[in-house]
Structures are given as structure tokens and as C-alpha cells.
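*Asks:* Chain by chain, the residues run as shown.
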Amino acid sequence: MNALLVRLLVSRIAIAILTLLFVSVAVFLGTEMLPGDVAQAVYGQNATPDAVEGLRRALHLDQPAYLRYLLWLGRLLTGDPGNSLVNNLPIAELVATRLPNSLMLASVTIVVCVPMSLILGISSAIWQDSLYDRTVSLATMSLVSVPELVIATLAVIMFAVNLRWFPALSYSAGLLSLNQIFQLFALPVFTLSCVLIAQIMRTTRAAVIDCLRSSYVETAVLKGARPMRIVLNHAVPNAIGPIANAVALSVSHLLGGAVIVETIFNFPGLGRLLVDAVATRDMPLIQACVIIYCAAYLFLVALADIAGMLSNPRLRH
Amino acid sequence: MSDVGFGVEALRRGMSRRELTNLLIGSGMSAAAAGTFAISASIAHAQTPRRGGRIKVAHSQSSTAETLDPARAMNSSDNVRLFMFYNGLTRFNEELSTELDLAEEITPSQRATIWNIKLRRDVRFHDGTPLTSADVVYSLRRHKDPAVGSGGRSLVTAIEEITATGPREVRIILSGPNYELPAILSIWHFLVVKDGATDFRTANGTGPYECQEFQPGGRTIAMRNSEYFRPGKPYLDEIEFFGITDESARVNALLAGNVQLINSVSQRSARRIVTAPNLSLFETKCGAYQDLVIRLDQAPGSNPDFVLAVKHLFNREQIARAVYRNFATVANDQPIGPTSPFYDPGLPQRPFDLDKAAFHLQRSGFGNQTFPIVISPAARNSEEIALLLQQSGREIGLNFQLQRVPAEGYWWNYYMKRPIFFSSVPPKATPDIAFTTFFQSRAPWNESAWRNERFDALLLEARAEADTGKRGQVYREMQSLIHDGSGVCIPVFASYLDAHDSDLKGLLPIAVGGMMADSFAEHVWLDQ
Numbered sequence: 185m186n187a188l189l190v191r192l193l194v195s196r197i198a199i200a201i202l203t204l205l206f207v208s209v210a211v212f213l214g215t216e217m218l219p220g221d222v223a224q225a226v227y228g229q230n231a232t233p234d235a236v237e238g239l240r241r242a243l244h245l246d247q248p249a250y251l252r253y254l255l256w257l258g259r260l261l262t263g264d265p266g267n268s269l270v271n272n273l274p275i276a277e278l279v280a281t282r283l284p285n286s287l288m289l290a291s292v293t294i295v296v297c298v299p300m301s302l303i304l305g306i307s308s309a310i311w312q313d314s315l316y317d318r319t320v321s322l323a324t325m326s327l328v329s330v331p332e333l334v335i336a337t338l339a340v341i342m343f344a345v346n347l348r349w350f351p352a353l354s355y356s357a358g359l360l361s362l363n364q365i366f367q368l369f370a371l372p373v374f375t376l377s378c379v380l381i382a383q384i385m386r387t388t389r390a391a392v393i394d395c396l397r398s399s400y401v402e403t404a405v406l407k408g409a410r411p412m413r414i415v416l417n418h419a420v421p422n423a424i425g426p427i428a429n430a431v432a433l434s435v436s437h438l439l440g441g442a443v444i445v446e447t448i449f450n451f452p453g454l455g456r457l458l459v460d461a462v463a464t465r466d467m468p469l470i471q472a473c474v475i476i477y478c479a480a481y482l483f484l485v486a487l488a489d490i491a492g493m494l495s496n497p498r499l500r501h
Numbered sequence: 088m089s090d091v092g093f094g095v096e097a098l099r100r101g102m103s104r105r106e107l108t109n110l111l112i113g114s115g116m117s118a119a120a121a122g123t124f125a126i127s128a129s130i131a132h133a134q135t136p137r138r139g140g141r142i143k144v145a146h147s148q149s150s151t152a153e154t155l156d157p158a159r160a161m162n163s164s165d166n167v168r169l170f171m172f173y174n175g176l177t178r179f180n181e182e183l184s185t186e187l188d189l190a191e192e193i194t195p196s197q198r199a200t201i202w203n204i205k206l207r208r209d210v211r212f213h214d215g216t217p218l219t220s221a222d223v224v225y226s227l228r229r230h231k232d233p234a235v236g237s238g239g240r241s242l243v244t245a246i247e248e249i250t251a252t253g254p255r256e257v258r259i260i261l262s263g264p265n266y267e268l269p270a271i272l273s274i275w276h277f278l279v280v281k282d283g284a285t286d287f288r289t290a291n292g293t294g295p296y297e298c299q300e301f302q303p304g305g306r307t308i309a310m311r312n313s314e315y316f317r318p319g320k321p322y323l324d325e326i327e328f329f330g331i332t333d334e335s336a337r338v339n340a341l342l343a344g345n346v347q348l349i350n351s352v353s354q355r356s357a358r359r360i361v362t363a364p365n366l367s368l369f370e371t372k373c374g375a376y377q378d379l380v381i382r383l384d385q386a387p388g389s390n391p392d393f394v395l396a397v398k399h400l401f402n403r404e405q406i407a408r409a410v411y412r413n414f415a416t417v418a419n420d421q422p423i424g425p426t427s428p429f430y431d432p433g434l435p436q437r438p439f440d441l442d443k444a445a446f447h448l449q450r451s452g453f454g455n456q457t458f459p460i461v462i463s464p465a466a467r468n469s470e471e472i473a474l475l476l477q478q479s480g481r482e483i484g485l486n487f488q489l490q491r492v493p494a495e496g497y498w499w500n501y502y503m504k505r506p507i508f509f510s511s512v513p514p515k516a517t518p519d520i521a522f523t524t525f526f527q528s529r530a531p532w533n534e535s536a537w538r539n540e541r542f543d544a545l546l547l548e549a550r551a552e553a554d555t556g557k558r559g560q561v562y563r564e565m566q567s568l569i570h571d572g573s574g575v576c577i578p579v580f581a582s583y584l585d586a587h588d589s590d591l592k593g594l595l596p597i598a599v600g601g602m603m604a605d606s607f608a609e610h611v612w613l614d615q
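Chains as they are written, first to last, in this note's numbering: chain A, 185 to 501; chain B, 88 to 615.
Source of the hints: derived by calculation from the structure; they are not laboratory data.
These numbers were taken from a predicted model, which means no experiment stands behind them.
It cannot be assumed that every hint is accurate.
Straight line, CA to CA, 20 Å or less: simulated EDC-like cross-link-like pairs of lysine to aspartate or glutamate [to be verified]:
hint	chain 1	residue 1	chain 2	residue 2
1	B	Lys443	B	Glu404
2	B	Lys320	B	Asp590
3	B	Lys504	A	Glu237
4	B	Lys504	A	Asp221
The following block holds chain B by itself, in its conformation from the complex:
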């Protein structure tokens, strides 16, 4: 089969442009040729989107704590709403790169410590007022105010000054160089609200949909914004969005045809979806992981040999197969997954090796002892992974005792407080964000209390590096530092599984979360 024939076949199976490009490069086609082919093919593959129609979407989360305030948004259900009603200055696309959204131009100067941002001129809020620099300044500044209670507060500490330099110009001054600022600005916390907005019972944004109804813990009705600045978008007239927390109820609602899109399908339910005639499974491979964490600041993790012993006890293929039913890829004890352009495939894969594990265990002096591992439904699949670990531990005389604790209060009472526990980490848009929030010595979620001066220095060095290739090199060294020294054991990267009515088109995986990283609303259409 010729390259092109093979490619078209792959496209028919619903392969994304990015996957196809990788495939073609892998099969020997030059990168440029593959890129051109993939783009032309993706136009042929992507049927013309159809305007109109309404869909119902059910999400796995539901709570009265739901909010339309980007600063206070805490979970992906909030984010879906936010991406319907607001835009950021930048956003992530399915190529895993940052593209401009409300900004027309973002230019760094002085080694990326000063950023000049120019806004689009054709953008209006839902109340009809035009987007100005005052709105952007307000939307970014409010995160610094502790009274706002913003979840993005730690991300804005490096921003020293935000000023309007013209009606459509904004200048951001950072305390140090950071070429990753455009990526940081794509995070949902930094979506742009109207200057002075404090009442978030409804949303006045610039986004593709207008908020017609919003009840926390109830439903949200989004109506098409006919004034949206991207011509022709969005495609749907209306989206009704609500939560169904029970997984089987959610899947049943889809099977019964009462909703058209659901998220968080369990690996077990995937077969029910695949065998249904009119439904499709939507898998997003990404860098999400459920990790076992060994605190390095207390026994037994303070002994590096103990940590190495445990890291060799994971039968990663078996975990991917048995726990995740192959909706996962093997990971290598570092957080940057194969979907990231900065992933280091050269880092030797840590094998499942009982001999090595036994060797390190003996050196650590902790042989034939029993250690508790905290597991909880709050960290998904922690029980299944822990059971497999317990089995392989027994073979070398390392006993784990599983302590099951309820999901309620897990993050406050056990997470990062016990010597060995489980965590669940959503994918991060860039290595910088992942390292800054989870691995830097001073990171708020430095789960294993790992301290490495070289790593901290490299993090700053990477931010100041304009050249992506050189930054990639720094990131590769950082990956190997985590792989070797951190107490975070990452056995596999788990895929997000969504499911939808086959008539719902336009879904392309964006590798930072399910449902197109929560931003499906702008991109999907109904084909009937």
C-alpha cells in the first residue's frame, strides 16, 4: 500500500492529524511532506461542519460548588462551562501548541521578561461591549488578590506588573524571563472576564456560547453566540450541560439516546459503547497519571534504595492491560508523556525486575518489613495498582499493607501527609507547568518532597531559553532527574475516555484532557 493510501485508510478510521503526521514520519516520509499530506487529507476527511442542532452533555462531576468564575473554577466540569462562555488570550490546540485566541499578537522582549500583547479588534462581550485592555488587565490582576481565592494564584506570582498601554494593548512584566508565558495564559483561570465583574451568577464573556441558564449542581443551558468573532463558529444552536455522577447511569443515558456526549467512561464500560451501533468511543491519549508517592523526607523513603526497589516492582505492561484494559501507555517514572513534543524517548525504560528490586531492598535494610500504603477511590485505580504491587512485593519479602480510606477528605487528611500514598494528576499543558506545580523543590504539590538544586536551576534556565530545541534538551535532562531521584512512581499514563453519539462530529483529541481538554463546545457539530 502506498503511503498515501495507507494514510487515507488511517484517516477513515478517525486518526487525528497529529497522529497521522507522526505515523507518516515514522514510516519514512519526510516531515515536511507528511505535514502537507496530513493537512490536505484532514481537509478531505473533515466533512463540512453542519450548522444547527442541540445536544445534551453529561459530565461526571456535579456539585453546588460549581462556578462561572474562572478564578474559582476547580474541576473539569467548571472548565467545560468556562470554555463555552469565555476566551483566553491564548489556547491549546490538538497539535499541543499554543495558538492565539483573544490576542492578535504576543511579543516577548528583554529575554521574555516583558511581554506586549495586542488584542483582536473584532471581539465583543455578550452584553455588546467591545473587548478592551481594561478587561484583560482586570482579569489577570484579580488573581493576585487573596480575597478572590483564585486557584491560579501561584501561577501569577511571577507577574510583577500588568498595565494597559493602549485601548487594545497590554504589557506584562515578569520578575524573571519566561518564554512559557503564552502557555500559562491558556490555562482556564486566565480566561477573560468583563472589567469589574464580581457577580458570577451568569457569565458575560466573549465565548462561542451565551449563558442562558446556570444552576450550580443543576443544569447549564448555553445558546449560540451569533456575534462570535470566529466566523461560522460555533456550529450548534444550544448545549444543555449537566452532571450525572453515577458512571453506569451516565453510560445508560447515552445508550438510551438521552444525551449525546459523556465523559469519564470506565474501561469496563468501553465495550458496551463500542458494541452499540450508533455510539463511538473517544480516547484521548495524554499525560494523565495515577502515581504511587513515597515521601523522601521520612522513613522509609529517605533511603534511596528503598525507592528504587519499589520502582522496579511495577509490572507496567500488566498494569496497563489489567487495570486500564489497554487504555493506557507504559510510563517511566517521569511526568512527560509520549504525547508531549518534549517527551524523551531516549530515557531507558525502567523494567519490571524482581532481582534488581531485591538487590535494592537488601541494600536499604528494609527487607521483611511491612509498610502501609494509603489507597482511596479519590485516587482512581489506586487499589488495583496497589494490589499488583503488593503481589510483586511479596516475592522479594517486601510487605505492603493496604489502608483503604474514603474519597471524602482524602486530599486533606492523607494526601502528601502519609509516607506512602496514591495521587492522581491531570495532564499539564507544558513541561514547565508540570515541573513548576509538581516537582520543583518549592512546588506546592511537590508530592514526594524531592529536593534537587540542579533541577530547580534547569527549570529557570529552560524558561529563559528562546530556542525550542534547546529548551527540549533541558527538559530531557529534567525528565531523567525525576526518573532517577524523585519519590514519585508513575507506572502508566492513562487515557481519557469519552463517548458520544456517532452523529456528533468534530471531536479531535487535545492531549491535556478529555472532551477536547474541556473545550469541545466550540468545535463539535451534528451530522444528521
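Bound conformation, chain A alone:
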């Protein structure tokens, strides 16, 4: 089993490096194709031809594109992601102020979402097509269809402006007490949960129902196992693969894709950094954000696959 794991890991890492390289080329080409460059984006309405030209020369934007890509890649291979083009701060520093925030938001959200969606998903599967199942499905589907922007704004108006239970902004530096974390994260986590719970819950429900229809569950029923035991010992372990994948996708979404929530609650996460970087055409910063996003995605999906394997006796041996 260990040999299998090692082989899997090695091949995954090799594929991951190739994927990252491919993604960085794609991102670079994409950034090049966008109209305007850093100099124009920085000056905006204030751009004059000679100011733009001067900044371009200062940033070496007058060099051919492939050369700039290779220079960037060369520096990255030596472990230096370079400096931001617009503010000249080290990329590592910029990312280091945002990444922990995103990780924090993602972990709090996952801690809230995963147990809730598992409970909802498994129970809906058990009482499939009951009134309970239909109510849960309707509620989660309705919530997932409302844009995050609307949920976040409504939540702020209701819980921050009118009731004043929670702050409308979620940014605070330094160490936080458990109560402060609850206060600050309540609304963003609520907003994100509305989307994530539906996704994970739907996958869980489908996977468990699939298992409940299988012949081994039928056997378990026939031999007289209690329903609880059938679900928890026979059905759920076999559904872990798809569920783990759904959770992994959700977490990677939280790391880089929570832009709207970050904007509304003024939460300094990686998503807003990436959007800012694209708006100013800050190539090294875009690359750094995308690579982190992509690497996290690959890592989480690999983790989900391993979890699926470990839970599956046929693959385990």
C-alpha cells in the first residue's frame, strides 16, 4: 500500500509541476492580451505619453514578452517571486499578509460547513423523497441560486445595520479571542456557507443514495442490520471519495474565489489581491496568486483522492 501511495505522490507532483508551468504560461499570455499595461493602468486618466513611456522603461516593459517571461521564471526558480510592478514591494511580503487571512476564513468556513452539510446530506439520503428531504433540497437549492453579493448585502443590512449583532466589516489585525473570531467571521462565513453547504450536501446525498442502492447494502438489510449501522458502516465509507472531492473543491474556492465576500466585508484575503493585481496588470503578482491558487487546488484534489483510496478497501490492497 505504501509503495502505491509513493508512486501516486510522485506522479502527482510531476503532473502538478507541469500543470503549474502550463498555467503560468497561460496566465502570462492572458495578461499580455488584456488591453493596456501596468503603466497605463497605474496612471489611468492621468496618463500622458511620456509618463507612460518613462514608467514602461523603468519597469522593463519595453523588452519582448518571451524575455520578460523567462526572466520572471528564472527568478522564481531561484526562489524569488520578484517585486510587485505597481508598488515595488516584494511579492512574498504582499502574499504573506493575505494568505493567512484566506486560510483562516477557509478553515472557519469548513469547520462550520462540512459537519452541517454531511448531516444534512446523509439524513436527506436516509429519508429520501420524504417531506424533510424535499424541504432541505428546496432550501439549499434556493440559497445556492441567490448570488453571494445579494446574500452578503442582505445579511449586512439585517444583522449589522438593523440588529447590530455583528460588525459589517471583518477586518482586525492581531490575535483574536474566540468571541472576537465569532463576531468577525459570523457574516462572511454565513454568506459563504449558503453556497458551500448546498454543494457539499448535494454531493453527499447523491453519493450516499448511490451506496444505499448497492447490493452490499441490500445484503446488510437482509441480514437484519439496524438502519443506523447500515448507513454509517456500510454506505457512508463508500461515499467518502466523492464527498472528499466536493469538500476539496469548496476549500480551493474559498482560498482564491471568495472575492465578493472579501470586498463586501473588507476582508483582506487572496481573492481581492488577485483582482487588484489583474486591474493593474501586475504580472508577477497575478502569477503568484494564481500559482498559489492552482497549487492549493492540486494539493487538495490529491488529498481527496488519497482519502478516497484509503476509504476504499479495493484500492487500499
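Position chain B against the provided structure of chain A, taking the given hints into account.
*Replies:* Showing chain B alone in chain A's frame:
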């Protein structure tokens, strides 16, 4: 009601000293008497500022391009930070005049081509070193270096020499006379940094606050500078400043009590602020405008009758009412607004006149044709104004086709490149700056490519004119030249709308921008 009773009532409603003075002069009181009254009243009105407290302020702009380098500062969010940490040689006040800041004396000689500046002696940088002439020379000279990438570069081309003539004396030699130099020196680019400063990750200035934390696109924490050279100022202990780009999120944060001051409140949200019990709206009437520009160097704008036809198609009252919900004043196709002391009220107001428009359109020969207008969220309210223009155009057989383009890349791809487009222009401190940057033939943002030799000559003449009254006369002629000939159509002047917790006091409108022209930090206090 007696004049005085009326005045006190006006003051209670929060009228500024300047507005009150104008009001009293308008109501027949002599200027001198009104001035005296307004000053004494403003002392009574202005409760004693209270020291202490901290506030959070949210701005509409946020970007990783934010900087603490005055040369590279590009937007008003940058400027708010700069005015917390630095001082200039001069600055603008709510009377719209230039007052001395770091300079103790600024004296022109040789018809304002040579300026001798004497610095205050009691000023220290945040690192404890005293302000010297070397700091000022460095801060001004660096804008001439293309590698610095200064946004103020075009403004310093007229400066030939900057030299330290003593430890606290600086001499500036200009290539031609310019009595407006003190006003130019009040622009944020020319705030004074430490001699040799190149690292702007933090700010070492002389300003009312010290920079404790600065993250581009994140937050800034400003702590009170207890060594500030203006005794007793600033009043607050700490300001936390950050951006919330989404307007409704910004307004909600204020309504929830999580921030005490926000800028850029939409006209639509103004009512939510006014009806909230503990919040106040802060309107700054000024010369900001969103203009329709017709390029004069290409068809159809090369035909003067076409331009005149369009200028008569604006129903300005309707635009002020419907688009700006009355947070705007009617403008007259020239950039100097009623808040400026140089505004010419004698220039006949161009009316909304379909007959005249039809007459000029017929003369231009462009009747029953369709012309594209580029609109974009980058130029605020351009869509709403264009829709109203489109409607009135239809009535005389002039068809406009609206081309919506994204805000991203607007200024580079469409602005000043299409025959008819929209722009958005922030208020300028003096007519000289407005004319030099936007209307002179060689101006970098001569939006409509308007060329007028008389105008260019008058601009130089005004700069060399020591007497403010005579300079005002020249500026009036320049206003009428723009009104008649330029391709820039200015329907209304838009107010800046900020909103704040009613406990935050000390805000007085400075008519060159919102949030007291970005310099609120030094002036506000918390009343609790």
C-alpha cells in the same frame, strides 16, 4: 429677522463661514461687516475641539498601486494618506485661498519669476530631524527626473532652478512670470519628503499623523504626531483608513457604526444617510464636472455649428435634478464654477433651446445622421446624461448611438481618442491649473483638441498679473472663450458627497474635493 439672527440660524444649520459671508453680502450687508460677523460667529459656532479618540474611515478607492510617495500618488485615497503624513509649502483652505504651511514667507521678485521661500523653524520630521532647505529642494527637484515617474512632472517644467540659499531659505527660478506658484505648490505632488527619501514603504514626513502601518490595498494606521508644529493639532489619537470599493457596503458600514466617515456616497444613498438618526451628509459644492467632449480635430466636431447644436441640447436643470438629485449646480460650458472667486456670473447662461439647436444642426449639414457617443462607468453618470441628450437630440433629428464600454481601460482606449466621448474632471485649485491642464492648446488633456491663440496668450498674461482683480478680468475673458469655442460641454457641476457619524465634527467644505479636499485628518475631532 435681523441679519444677525438670520446668520446665527444659518450657522446652526451648519453653513460654512464662506457660504455665510456670501449670503450676508448678498443680503446687503457690507463685505467688511459681513466678514467680521462671520468670523465672530464662526468662533461661537465652532465648539471647542476635543482632543482624543480614534476613528475608522472608509474610502471608495482601493488598490495595490497605493503609495506613500507624493510623486506617484494618483487618486484621492492616496492623497488622504499623504495629507496625514506630510505638509506642503502652502495649502488650500476653506476660503479657497492659499495659505502658508511649511513656508513662513513666500516672496516673488522680478515680476514673479524669482521666488524666495523662507521655511518655518519649528518643524520636525517624524524621525526627529528638523526641516531644512535641502529637504524642500530634494522634494521639488525629484519631479523633474523622468525615472521618478512623477504625476506632477508637467507642472514643474516651468521651474528652471531650485536652490538652497540658506539652511531655511529656498529660491525658485521660473522660466516665465507666474503669480500662481504658491497655488501650484499646494498640490499634493509637492508635499515635502525627507532629503534623499527613496523608500516609501512608510512615510517620514512632517504631517499631523505618523504612519504606523501601511499596506497597499489594505489598511493604513495613522497615529497622532505629538510634535506637530501646529499647537494642539491634530485632535484625534488614531485614524484607521482603508478602502471599501462597493458603494452599498461602504454606506452599510457607516450605518452599522463600524466606520465614522466615508466618501463618495451616491445621490441615491443620500436619503438613507439623512434619515438615519446619528449620521450626517457632508456636501462639498465645487467645480467637479462630468463633461461630454466633441473632438474639434475630426468630423463632426470640426464643424462649429455641430458643436453649438449639441451645446443647446442639454436640459441642464433636468440633468441636475434627475441625474444628480439636485446635488449639482447648473454649469455653462466652461470649467470655473460658482464656488471659485474667479467665476464669471456675467456670462449669459446657455439655455436648453431646441430651436437654436435645430438651427445650428441644419447649418452644419449633419441633420438626420447618427453619431456614436462613448459612455462608460469610468466617467460617472455618463450613461444617464447621454440618455437625456439622446432624447432631446431625437426631437431635432439628431441621432446619438450610445456605445457602452467597460471602465477598465477606458482612459487609455477611448478617452480623447473617439470623436464624441465622456470625461470626468476633478475640481482644480485655481483657474490657472484648470486652464493649463485641460484647455491650453498644448495642454496634455486638451480634451477637445481646441486651439485658440488668444486664450494661450491670456493664460501667460494672467500669470504675470500681480493684481488679483485684473487677473480675474483676464480669467473672465478666458471663460467666455471656452464657453464659445471649446468642444467641451459641461452641463452641471457635481457636488462631492461624504457622510459621517454626527459626533465627528470640524468638517468644512474645501471646494477642491471631498473629505475637505482629502485633508480632513488634521481638522476633525470627536465630540462624545
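*Asks:* Compare the distance between the alpha carbons of B/Lys504 and A/Glu237 with 20 Å, and conclude whether the hinted pair is satisfied.
*Replies:* 18 Å, holds
*Asks:* Between the alpha carbons of B/Lys443 and B/Glu404, is the straight-line distance 20 Å or under?
*Replies:* Roughly 18 Å between the alpha carbons, so the hint for B/Lys443 and B/Glu404 holds.
*Asks:* Quick one, are B/Lys320 and B/Asp590 close enough, alpha carbons at most 20 Å?
*Replies:* Given that 20 Å is the threshold and the Cα spacing comes to 18 Å, the pair holds.
*Asks:* Verify the proposed pairing of B/Lys504 with A/Asp221, using a straight-line Cα cut of 20 Å.
*Replies:* 18 Å, holds
This entry satisfies every hint, going by the numbered hints stated previously.
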